[in-house]
Amino acid sequence: MVTVHFVGPIKSHVGKPTAAWDFDTPMRVEELIDRLTGLYGQAFAKEVYAKSGEGFAYQILINGRNIFVLDGYRSEITDGDHVLISITMMGG
Amino acid sequence: MTPEAAGSVLFVDLSEESWSRRPLRADEVKGYVGGRGLNAKFLYDLSESVQDPLSPENPLIFGVGLLTGSAAPSACRYTVTALSPLTGGFGDGNSGGFFGPEMRFAGYAHIIVSGRARRPVYLHIEDDAVAIRDASGLWGKDTWETDGAIKRALGDPEVQISCIGPAGENGVKFSCIINNLTRAIGRCGMGAVMGSKNLKAVAVRGSGSVRIAHPDKAFEILKEMRGMMAEDISFKMFGTYGTPALVDVYNSRGAIPVKNFQKAWIEDARPLSGDLFIEKYSKKTKGCFNCMIHCSHFYELEGSHKEEGLEYESIVSLGPRIGVEDYPTILKGNALCNRYGLDTISAGDAIGFAMEVHEKGLIPEKYLEGENPSFGDGAGALGLLEKITYKKGLGRLLAEGAHGAAGILGGGAGYYAMHVKGQAIISADPRALRGWGLGFAVSSRGADHLRAYPVVEYCFTPEKAEEIWGFREAVDRSAYQGKGKLVKWCEDVRALADSLGLCKFVTRTAYLLPEQLSRLIEPVTGIAFDAKELMRVGERINNTEKMVNVRRGFGRAHDALPERFTREPIPEGPSAGMNIDISQMLDEYYRERGWDVNTGRPSPEKLAELGI
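Line by line, the protein sequences give chains F and C.
Under the working numbering, the residues of the first sequence are numbered 8 to 99, in order.
Under the working numbering, the residues of the second sequence are numbered 289 to 900, in order.
No lab work stands behind these hints, which were simulated from the structure alone.
Glycine is no exception: its CB is placed at the ideal position from the N, C-alpha and C atoms.
Watch out, some of these pointers could steer you wrong.
[As the list claims (entries may be wrong)] Facing chain F, a subset of chain C residues (Cβ under 7 angstroms, in silico): (1) Asp-520; (2) Met-525; (3) Val-537; (4) Ser-540; (5) Tyr-746; (6) Phe-748; (7) Thr-749; (8) Pro-750; (9) Asp-764; (10) Thr-797; (11) Ala-798; (12) Pro-862.
Looking at chain C on its own, in the form it has when it is part of the complex:
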């Protein structure tokens, strides 16, 4: 495959109801690989004059990874990128399932949607045929109804659909985009951007395929990868339990958020354990395109309520973060979020925030409208999910996200909004996981673990840490030294996986080194990248995303964790007494990146070096 043959870029202007396309350029692929990376480049180029992320000018960019749809294991991911209405800065989400591969089979690497349709529409792509179709009858439907209705209308049960629910239509700041019913472009409010364009869905069908450039060489390395995955205990763990197993993992380290991060440990976590989920609710597992892990579970509640795709983040966000410790409530909440198109992390976070600030007497009655948000009230929380989606009652306030709501409330409520750059922190307490804490703080899309995903902090030896980052302490969770180097390295490596379209579970601890990725890319695509070049691409992607944020006014002050994590040590459990001060790690991180330590901004020399 030449870079130009990696797919087309489709430009759709909804205001003009027009579209055009062109092949990818070689410099685009060599400079940014694809997926998340090239999406970032397009956003940087196209968003300079955009003021409001919910205005028609904000481009909404779909992009598949360079390997998406190929024979590489779990190469199924796609990314959607835009300026975020939640953070005001760089935004994106990444999802698996089958939509990404289908987009590639139709011949498209990126779809850039601009403008705003005069009425609700959906985009229908079938190979070279592109149509903007009326979606008036779909507006108001949830994601499951929408998926089914489009398949019936097109008479094609195999068409792949990426769509929004009522939360996206109504501009909920943390609304997501859903494909395959339960796969989410979850973070940053990409659903609201899609809704602001009156775009209900993208439906895609392709009859093409991905040609393997050097089949014999590719077969050898893919066989090696699959052999490794078949033998590795961690992959078996993901395959058996999925991420619900992480409840015990985080709790055993005293790092599981409880009641809006007031605590980080549950004395008896059995009611939330992965074991219980498997025994009582899971019916079978399901994989994404070309995946041999099958981490997702079909589950059934009370013999009637069937769903798929429960993740650790959703368990904790809709569970202990709001004081709930029963699976039935969590499972129902997860299904509601998928149907409404809500990010489970931010939804649970907003509700937990409301519960704590209400306890403190910081929500005036005019916002409560009769609501009494209280930790442990599962039924009340489920009701709030609906109110957030339709912006009714207290839901109107919480639809802004905890940070936005705190800004409206004032009066000290901001202390209880657990966010970075307006994005809710995921379900891992950074006081107990310092490398993760730094990763949350510097993430270009706000508090999130998947930008750095520094699992190497826990499974590498000090010798390996010294070899790569020069500090043995980098793998000590209680140390500060070396974390800046570790997080910078992880961010660059993870940007590559996202841009290749690989699942992070596959590249978690294996096939994450640039030398390994280099061996994989060339036989599959025919496009050669050496390891050094790949690391430079990862660095370029992170700097490009950073520059979008710099242009939006972000600086060092925005790379910060909530004050609670510095002021309040974890009160009990295995991490009792720990808090976090990121300043030393942040200085080290900026120096490692070649960014100004005082402003947090890339130096002109660094930008010139990377060609940005």
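Excised from the complex, chain F in its bound form:
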């Protein structure tokens, strides 16, 4: 079971902030995005990969670790992992 948490406008594609899927694992982040794009359409992928200025609009974390300091979109997800796909807005 892979649990994915969505924060930001991307949540509207899924319709809820958290969902769990019984995907075959291990799987790569890009495979997860492909699977979710299959469920929610190309707009989902477009948003996940969107840029924001000099960086990315969304940050993806596996169990709290930024995938960019793991193996990027090829980072491995295993059974029981929690994936966060969150808008990178911070501040206050």
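For this one, chain F is given, so just place chain C on it according to the hints.
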């Protein structure tokens, strides 16, 4: 525009009831740009002999950014600077809305107020006409009443007003200055400095404008900027939800402070979510001058209570930090803070501190005066806001801020004061956000996120991090390496945005690079800065602010986070087990700045290199 044409510097002596003005000098603009930067230079030059931040000698400096009032997107900001009664060192606050542009339209880049009026007064500026007017009838009024009363007295509904409420009059150490009813010069107690001068308000009206130096070139780059903003999802997010959306963002990372930073995660944050705020309370959005984001919201409570401008910081400071998880209490508290002129962050922090130390039995009855501060008691917290403002009962103690109150209480209370240099930490747990933690520790105005605002830690790739700072790990929130370089770079870049008068949301991840800012400044102002020169200006500003603090006795020991963050790992949630030790990051930061690693002070060589 020549540097000299960027505006005048107005000197007002309230003790002598006199004023004078002079044009900006080219060396001032080229060395410090304007706004926050040049304010810092003026404070450094004028405050050497000042002992008490609440004495007449402490200069209170208003400054607009070099681009404020121009066609650049969200170029609306102004900064107010003085020695801080809260930290004892460098202090400033920065606000949007419409006051800054109006000051520029009246022809002024900076207003430096010194002395103390013999009776309450307000400063009325209308282009070249400057008047010090009686404000005896305004003293005691809240900020909304003051704004309305001055507009009626002057017969001008469009006059822009920056004023204090009763908290500033009464010397509350974290009182703020309010413009446009809900926009705050929030941090460092600038309201108390204004109150100590018997200055109730500055009212300004200008009939001028900002001439664009090279309209065709400016149009091209401004069109490019606006196109980028229109397409960017992050800007849409700010435009739709405003900063209340950050409740979910911080909570999802296990970085939202709960009960005075005892925890950093809320299992069910739906009662505080941005979604709920939008659905239930928000009525429409509002923008600052020349802004296309419109992040601010008008909201309505129970059909009668109407307000504007709720921010993430206020939600959390008046919410989970004091154990409250209901919007009605938070919305009422936000409105009270705006009316009284209290910094919502420090107010919530002081109350949360009181709740925890009372739990520990560390507040003697002589300070409590019958009060029973307890986590989750929203009604009690609202009552404390009034008592802080008027320094009544327990409010007299809390009006000093958590750090000041802890010093009075003694007996181990200091452990629970969540501050840096006396300034309350914002609503982000540094144990989970290490770059932010370093930023809080080294900030010249005490714990604050807007000095470094290192969002690039989350949205840059390791490749980009390596290109700029030489460390891929800089974008790993759990790593220490590279954070010193990242924070130094961010501080210098953010100082530029503040000095240009640009909103940090516009320069958050786009138009933050000096190369981009350089392309923007010259067509709009006609004043050329190359990228290297701009980074040097940012560095000069940070070093000047640092030197104000050095002169006030600050050193490495003051660049520290509260002990709780080192000793107590986050107990649960997505960041469970994390704590923070900044020593390695601090060494790297000092080396990157060219400061002495042992003392934290700039070297003579660095100061000479920067011309300070």
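Hints, verified against the model:
1. The interface hint given for Asp-520(C) is met, as the beta carbon of that residue sits about 5 angstroms from the closest beta carbon of chain F, less than 7 angstroms.
2. Interface restraint check for Met-525(C): the shortest CB-CB distance to chain F comes to about 6 angstroms, inside 7 angstroms, so the restraint holds.
3. The beta carbon of Val-537(C) comes within 6 angstroms of a beta carbon in chain F, closer than 7 angstroms, and the hint placing it at the interface holds.
4. Because the beta carbon of Ser-540(C) sits about 5 angstroms from the nearest beta carbon in chain F, less than 7 angstroms, this interface hint is met.
5. The restraint placing Tyr-746(C) at the interface with chain F holds, with a minimum CB-CB distance near 5 angstroms, inside the 7 angstroms limit.
6. Interface hint at Phe-748(C): satisfied, since its Cβ lies 5 angstroms from the closest Cβ of chain F, which is below the 7 angstroms cut-off.
7. Among the interface hints, the one on Thr-749(C) holds; its C-beta lies about 5 angstroms from the nearest C-beta in chain F, closer than the 7 angstroms criterion.
8. Interface hint at Pro-750(C): satisfied, since its Cβ lies 5 angstroms from the closest Cβ of chain F, which is below the 7 angstroms cut-off.
9. Here the hint on Asp-764(C) is kept, as its CB sits about 4 angstroms from the closest CB of chain F, short of 7 angstroms.
10. Hint status for Thr-797(C): holds, given a least beta-carbon distance of 3 angstroms to chain F, under 7 angstroms.
11. The interface hint given for Ala-798(C) is met, as the beta carbon of that residue sits about 3 angstroms from the closest beta carbon of chain F, less than 7 angstroms.
12. Because the smallest distance between the Cβ of Pro-862(C) and any Cβ of chain F comes to about 5 angstroms, under 7 angstroms, the interface hint for this residue holds.
When the structure is compared with the earlier hints, no violation turns up for any of them.
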